[in-house]
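My request is simple: use the sequences and hints to build the entire structure.
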Amino acid sequence: MKDNVMQNSTVVLFSGGQDSTICLIQAMREYEFVHCLTFDYGQRHSYEIDAARDITQQLGISSHKLINISVLNDLSSCSLTRKHLLVSNFDAQQDTDLPDTFVPGRNILFLTLASIYAYQLKVETLITGVCETDFSGYPDCRNDFILALNTAISLGMSKALIFKTPLMWLTKSETWALADTLGVLDFVMHETVTCYHGIKSDGCRQCNACHLRNTGLREYLDNSNAIKHSLYNKQNLYQTNMKIDTSI
1 MKDNVMQNST VVLFSGGQDS TICLIQAMRE YEFVHCLTFD YGQRHSYEID
51 AARDITQQLG ISSHKLINIS VLNDLSSCSL TRKHLLVSNF DAQQDTDLPD
101 TFVPGRNILF LTLASIYAYQ LKVETLITGV CETDFSGYPD CRNDFILALN
151 TAISLGMSKA LIFKTPLMWL TKSETWALAD TLGVLDFVMH ETVTCYHGIK
201 SDGCRQCNAC HLRNTGLREY LDNSNAIKHS LYNKQNLYQT NMKIDTSI
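According to the numbering used here, the sequence shown holds residues 1 to 248 in order.
In short, the hints are calculated from the structure, not lab data. Small disclaimer: the values here were computed from a predicted structure and weren't measured. Glycine is no exception: its CB is placed at the ideal position from the N, C-alpha and C atoms. Hints may contain errors.
[Unchecked claim] Derived Cβ-Cβ restraints for the label pairs, each shown as a range:
hint, residue 1, residue 2, range
1, P104, Y47, 35 to 45 angstroms
2, S62, G183, 36 to 46 angstroms
3, G156, N223, 39 to 49 angstroms
4, G183, N233, 19 to 29 angstroms
5, N8, H197, 37 to 47 angstroms
6, L75, S224, 40 to 50 angstroms
7, D202, R53, 15 to 25 angstroms
8, D186, G156, 34 to 44 angstroms
9, D202, R142, 25 to 35 angstroms
[Stated by the list, open to error] With a cut-off of at most 30 angstroms between alpha-carbon atoms, the simulated DSS-like pairs for lysine-lysine come out as follows:
hint, residue 1, residue 2
10, K228, K65
11, K65, K159
12, K65, K122
13, K159, K200
14, K200, K228
Here it is in structure tokens:
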């Protein structure tokens with residue numbers, strides 16, 4: 001029985017934001033046991049950590065680990081790690097190659113540490129809410145990056161870990177549709193922190209994260225049936241499970 005439980009467990013990288021909360025709630029329907037992992041890297045929107053604690057308590061998650069990785073803050077200078085640097089509003093960032101909120105190496109470090117944690121737990125599946133369709137210009141949210149890192153880590157650990165990305169090909173409106181089909185639309189709307197300034201729910205309404213979140217929500221509420229249909233088609237089309245051959 002113990003082996004069966006281990007095989008039906010997962011580690012969810014959990015920030016307390018919209019995307020990771022939807023991934024967590026979906027994982028709770030699919031796995032017998034869910035381990036949540038939240039990272040404190042000294043981010044300016046640290047209220048998301050409080051939201052992560054509150055959400056896991058409300059959902060009855062018994063395994064929620066907070067890891068301090070402040071070394072990332074020491075190494076990376078951007079508007080999410082330096083409070084004296086301003087977070088650009090949505091309109092001001094459209095012509096830049098990388099947004100000022102990009103934290104170099106963040107997902108590399110997150111997924112590497114989460115893989116070590118999963119290895120110790122004898123869990124083979126990790127879930128992250130990264131998305132290439134609405135990815136805010138972050139190169140470490142792209143599918144090619146996830147595939148490459150998944151392969152590298154699996155090879156380095158000689159263990160076929162699986163990185164699942166349930167939101168990879170969804171638009172923000174389709175992500176809201178997923179929350180609705182899971183029956184948690186209101187919960188995600190009111191309990192999560194996506195805003196780069198750490199403001200719950202609708203946020204500041206000015207930063208890029210708020211723009212993506214709120215525009216997607218309006219699009220969904222205005223055309224919910226069509227977007228649910230689009231979500232259904234995409235879920236049937238894409239397979240997010242990736243078995244890695246460590247013998248390569």
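To see whether the hints hold, each was checked on the structure:
1. P104 x Y47: 35 to 45 angstroms: violated, 23 angstroms
2. S62 x G183: 36 to 46 angstroms: Taking Cβ atoms as reference, S62 and G183 lie about 22 angstroms apart, which means the hint is violated.
3. G156 x N223: 39 to 49 angstroms: Holds, since G156 and N223 (Cβ atoms, about 45 angstroms apart) stay within the stated range.
4. G183 x N233: 19 to 29 angstroms: Because 21 angstroms falls inside the window, the suggested range holds.
5. N8 x H197: 37 to 47 angstroms: holds, 38 angstroms
6. L75 x S224: 40 to 50 angstroms: With a Cβ separation near 43 angstroms, L75 and S224 satisfy 40 to 50 angstroms, so the hint holds.
7. D202 x R53: 15 to 25 angstroms: holds, 21 angstroms
8. D186 x G156: 34 to 44 angstroms: Holds, at about 42 angstroms.
9. D202 x R142: 25 to 35 angstroms: holds, 28 angstroms
10. K228 x K65: With Cα atoms ~33 angstroms apart, K228 and K65 exceed 30 angstroms; violated.
11. K65 x K159: holds, 22 angstroms
12. K65 x K122: holds, 16 angstroms
13. K159 x K200: Violated - the C-alpha atoms of K200 and K159 are around 38 angstroms apart, more than 30 angstroms.
14. K200 x K228: Holds: K200 and K228 sit about 25 angstroms apart, inside 30 angstroms.
In terms of the numbered hints stated before, the structure departs from hints 1, 2, 10 and 13, listed from lowest to highest.
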